[in-house]
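Taking our numbering, the leading residue of the sequence shown gets 251, the next gets one more, and so forth.
FYI, nobody ran anything at the bench for these hints, they're computed from the structure.
Errors might be hidden in some of the hints.
The calculated EDC-like cross-link candidates involving lysine to aspartate or glutamate, where the alpha carbons are at most 20 Å apart (straight line), are [said to hold, decoys possible]: (1) K490 x E299; (2) K521 x E299; (3) K460 x E442; (4) K534 x E304.
Using C-beta positions, here's what the derived DEER-type ranges look like [unchecked claim]: (5) T313 x T549: 21 to 27 Å; (6) D443 x H501: 33 to 39 Å; (7) R457 x G314: 46 to 52 Å; (8) T313 x D413: 17 to 23 Å; (9) K396 x D307: 26 to 32 Å; (10) D336 x A489: 22 to 28 Å; (11) G380 x D336: 16 to 22 Å; (12) K504 x D397: 22 to 28 Å; (13) Q575 x Q539: 22 to 28 Å; (14) P560 x G441: 50 to 56 Å.
Keep in mind it's a predicted model, so treat the numbers as computed, not measured.
C-beta atoms are modelled at their ideal positions from N, C-alpha and C, and glycine is treated no differently.
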Amino acid sequence: MRMRIGLMSGVALATAAVLTVAGCSDSGSDNATDSGAANQITVYNAQHESLTQEWADAFTAETGIEVELRNGSDTELGNQLVAEGDQSPADVFLTENSPAMTLVENAGLFTDVNQDVLDQVPSQYRPSSGKWTGIAARSTVFAYNKDQLPQDQLPKSLLDLQDPAWKDRWAASPSGADFQAIVSALLELKGEDATRQWLAGMKDNVRTYKGNGAVMKAVNAGEIPGGVIYHYYWFGDQAKTGENSNNVALHYFKNEDPGAFVSVSGGGVLKSSTKQDAAQQFLKFVTGQKGQDVLQTGTSFEYTVGNGVPANPKLVPLAELQAPQVDPAKLNSPQVTELMTEAGLL
Numbered sequence: 251m252r253m254r255i256g257l258m259s260g261v262a263l264a265t266a267a268v269l270t271v272a273g274c275s276d277s278g279s280d281n282a283t284d285s286g287a288a289n290q291i292t293v294y295n296a297q298h299e300s301l302t303q304e305w306a307d308a309f310t311a312e313t314g315i316e317v318e319l320r321n322g323s324d325t326e327l328g329n330q331l332v333a334e335g336d337q338s339p340a341d342v343f344l345t346e347n348s349p350a351m352t353l354v355e356n357a358g359l360f361t362d363v364n365q366d367v368l369d370q371v372p373s374q375y376r377p378s379s380g381k382w383t384g385i386a387a388r389s390t391v392f393a394y395n396k397d398q399l400p401q402d403q404l405p406k407s408l409l410d411l412q413d414p415a416w417k418d419r420w421a422a423s424p425s426g427a428d429f430q431a432i433v434s435a436l437l438e439l440k441g442e443d444a445t446r447q448w449l450a451g452m453k454d455n456v457r458t459y460k461g462n463g464a465v466m467k468a469v470n471a472g473e474i475p476g477g478v479i480y481h482y483y484w485f486g487d488q489a490k491t492g493e494n495s496n497n498v499a500l501h502y503f504k505n506e507d508p509g510a511f512v513s514v515s516g517g518g519v520l521k522s523s524t525k526q527d528a529a530q531q532f533l534k535f536v537t538g539q540k541g542q543d544v545l546q547t548g549t550s551f552e553y554t555v556g557n558g559v560p561a562n563p564k565l566v567p568l569a570e571l572q573a574p575q576v577d578p579a580k581l582n583s584p585q586v587t588e589l590m591t592e593a594g595l596l
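When you get a sec, could you build the whole thing from the sequences and use the hints?
So this is what it looks like as structure tokens:
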């Protein structure tokens, strides 16, 4: 679990890596701005704060361009950008999941990502529109208590969890953007009727917690046999003390099941940014060798998506997850919110 800093629209609430550049102004032509205030860019960051801080520090060390991070959640910052429109001070938006990127894209607020940036990321890890790009990825998993669920009793599909046999036997964090991204994938893969039916079954069966970390902790403690989370919570805890995960194992659904969904974290440049060159440089750095090396060797345990940079060797390789193919540009957060509210889960 990590703390988020709330942002009121138009209020500059900055975290670390902030260095104010004296004498810079956002007035004047784009070229004039790029030669002055482009020495600092503002990133609305919904990714892990520590991860983005590493990216920002390394980028500044290489380019001299400073990075101001304004941290919040996917939903919070996506909605804030839509509210701010072309008056937003943001140059770049980073998320943990794709639906918030799609929300901003559908509002017409992103410019095209430069082709040399897109070329660094395989097509399955970025939207077909080219309006933003993948920067990292995470796999959906079923975390289960090894003492309570033998492997031969594990669900074969995410869809199995709607069955009455799973009543009070699995947990999730439905209010979080992570789980809502998984539902977005289910909606895209199986359609509205199947998603509505699954959510109704979920409502009957699930035990809800606040956050994926809380779900895993409950599974570890034996409060609940299993839960749907993202993979990196387990790996991150194992890399520390393991106190919240030692009794937990991960089940990967595979077989292109909705439960094998790989969520793409996104990065995009705001059309309204007056620092386009610097913003594109930042995305190029994050998706390039050095930025992806931060993922490979760091402590976030998210998957790399850049060409030629393998994931942390502790992770199951992406190619072995047998994930379903989902165009990130088609993930629909407003419809998911509507369906989950209708089901009584929000």
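Checking against the hints above, which ones are violated? 2, 3, 6, 8, 9, 10 and 14
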